[in-house]
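*Asks:* In case you want the letters, here they are:
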Amino acid sequence: MKELYFENVTGIGNLYLEYVFYEFESEPILFLCSDESRQLYFCLCSDIRYEQKWVVMKTNLTVLNALVEEEIDIASAFLSAPELVIITLNLQGEERVRVVRADEADRLDLPKEGTFVRCGKEEAKMYLWQKKWEMVSDRQREIVKRTEASDEVMQKAFFVNTIYKGAVEPESRLRDTISESYEYSVSSKEEYIETVKISKNDNDFVQAA
Amino acid sequence: MIPPRKRINLKDPGIYSTSCNMDYSEAEYVLRLIMRHKPEAFIAKGETEKSCGPCQLTAERETGKGAHVDWWVYDDSEPQRYFEKEDQE
Chain A
33 MKELYFENVT GIGNLYLEYV FYEFESEPIL FLCSDESRQL YFCLCSDIRY EQKWVVMKTN
93 LTVLNALVEE EIDIASAFLS APELVIITLN LQGEERVRVV RADEADRLDL PKEGTFVRCG
153 KEEAKMYLWQ KKWEMVSDRQ REIVKRTEAS DEVMQKAFFV NTIYKGAVEP ESRLRDTISE
213 SYEYSVSSKE EYIETVKISK NDNDFVQAA
Chain B
11 MIPPRKRINL KDPGIYSTSC NMDYSEAEYV LRLIMRHKPE AFIAKGETEK SCGPCQLTAE
71 RETGKGAHVD WWVYDDSEPQ RYFEKEDQE
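Protein chains in written order, with my numbering: chain A, 33 to 241; chain B, 11 to 99.
To be clear, the hints were calculated from the coordinates, so they are not data collected in a lab. A quick note: this is a predicted structure, and the numbers were derived from the prediction, not measured. By construction, the Cβ of each residue, glycine as well, lies at the ideal position given by its N, Cα and C atoms. Just so you know, not all the hints are guaranteed correct.
When the alpha-carbon atoms are kept at most 16 Å apart in a straight line, the in silico EDC-like pairs for lysine to aspartate or glutamate are as follows [stated by the list, open to error]:
#, chain 1, residue 1, chain 2, residue 2
1, A, Lys144, A, Glu102
2, B, Lys48, A, Glu83
3, B, Lys48, A, Asp79
Listed below are several chain B residues computed to face chain A (Cβ distance under 10 Å; list not exhaustive) [what the hints assert, rightly or not]:
#, residue
4, Leu20
5, Gly24
6, Ser29
7, Met32
8, Glu70
9, Asp86
A short list of chain B residues far from chain A (calculated; beta carbon distances all over 10 Å) [what the hints assert, rightly or not]:
#, residue
10, Lys60
11, Cys65
12, Trp81
13, Tyr84
14, Glu94
Construct the entire structure; sequences and hints are all you get.
*Replies:* Printed below as a string of structure tokens:
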């Protein structure tokens, strides 16, 4: 079970710790969180000396891969986000949260330019690959669920079609279809029997002749 | 917003130490990453002096701690005498 890392953050809700890229003094510094809907957030603990401060941004696997591969530095990643959530905890234990536009953020809250994510690269890549696989699997499960629901309707329609040789219709009209088909089948059957009887009589006449 | 973290392990000697690092680049990375606000932080380079207190490579107790060093500095000692400020770029 993932650890609840931030509780009831304004505009986000609860955030659960997913992965720690870098820690210092046993404190996660560069890490990943997810919310209740499994949206990912890249987090930086930007100050630990007096008050504690975190900078949080919504992110995706593309940005995370670029960070791990050192294609973009940490500050650039945060500055490219539309908005940042700044969470502070002062020495008195008072908490505060602000949502700011990235271009309005205090640059000293972010690392110096050219500072990249330092982490175990292979472990991080493996984690991101697993995350991507989870997302693909979730999407496939959604597709299968939708397919199963439509299959159920189609199977009922096919059953009716097979027995009564009628057209496939929506379930709300099935009863009408059944009664109509039933009446049709009964009358057809009776007519068929009569026809056979007449044919027999003809043969008798022929034989008689 | 910040729920109570896992309780601090008071038996962990590392929580009572001053953190040092044998790897200069690691110290520099931390400085660039999270120590940008005032008061200005800087790197001081030197050698731990045993008269100031015992020290230990953290990796001797915990795995995956690289070049981190714990230094349990005595209250009445002056470790700064054995270190010099490094000029930053």
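*Asks:* Work down the list of hints and note, for each, if the structure agrees.
*Replies:* Outcome of the hint check:
1. A/Lys144 with A/Glu102: Holds: A/Lys144 and A/Glu102 sit about 14 Å apart, inside 16 Å.
2. B/Lys48 with A/Glu83: holds (12 Å)
3. B/Lys48 with A/Asp79: holds (10 Å)
4. Leu20: For B/Leu20, the interface hint is violated, since the closest Cβ of chain A sits about 14 Å away, which is over 10 Å.
5. Gly24: At about 7 Å, which falls below the 10 Å cut-off, the nearest Cβ of chain A leaves the hint on B/Gly24 intact, so it holds.
6. Ser29: Result: holds, 6 Å to nearest chain A Cβ.
7. Met32: For B/Met32, the interface hint is violated, since the closest Cβ of chain A sits about 15 Å away, which is over 10 Å.
8. Glu70: Violated - the Cβ of B/Glu70 stays beyond 10 Å from chain A, reaching only about 17 Å at its closest.
9. Asp86: violated (24 Å)
10. Lys60: holds (23 Å)
11. Cys65: Consistent with the label, B/Cys65 stays out of reach of chain A, its closest Cβ about 16 Å off (over 10 Å).
12. Trp81: About 13 Å separates B/Trp81 from the closest Cβ of chain A, which puts it past 10 Å; holds.
13. Tyr84: Holds: least Cβ distance 21 Å, greater than 10 Å.
14. Glu94: The assertion about B/Glu94 holds, with a minimum of 21 Å to chain A.
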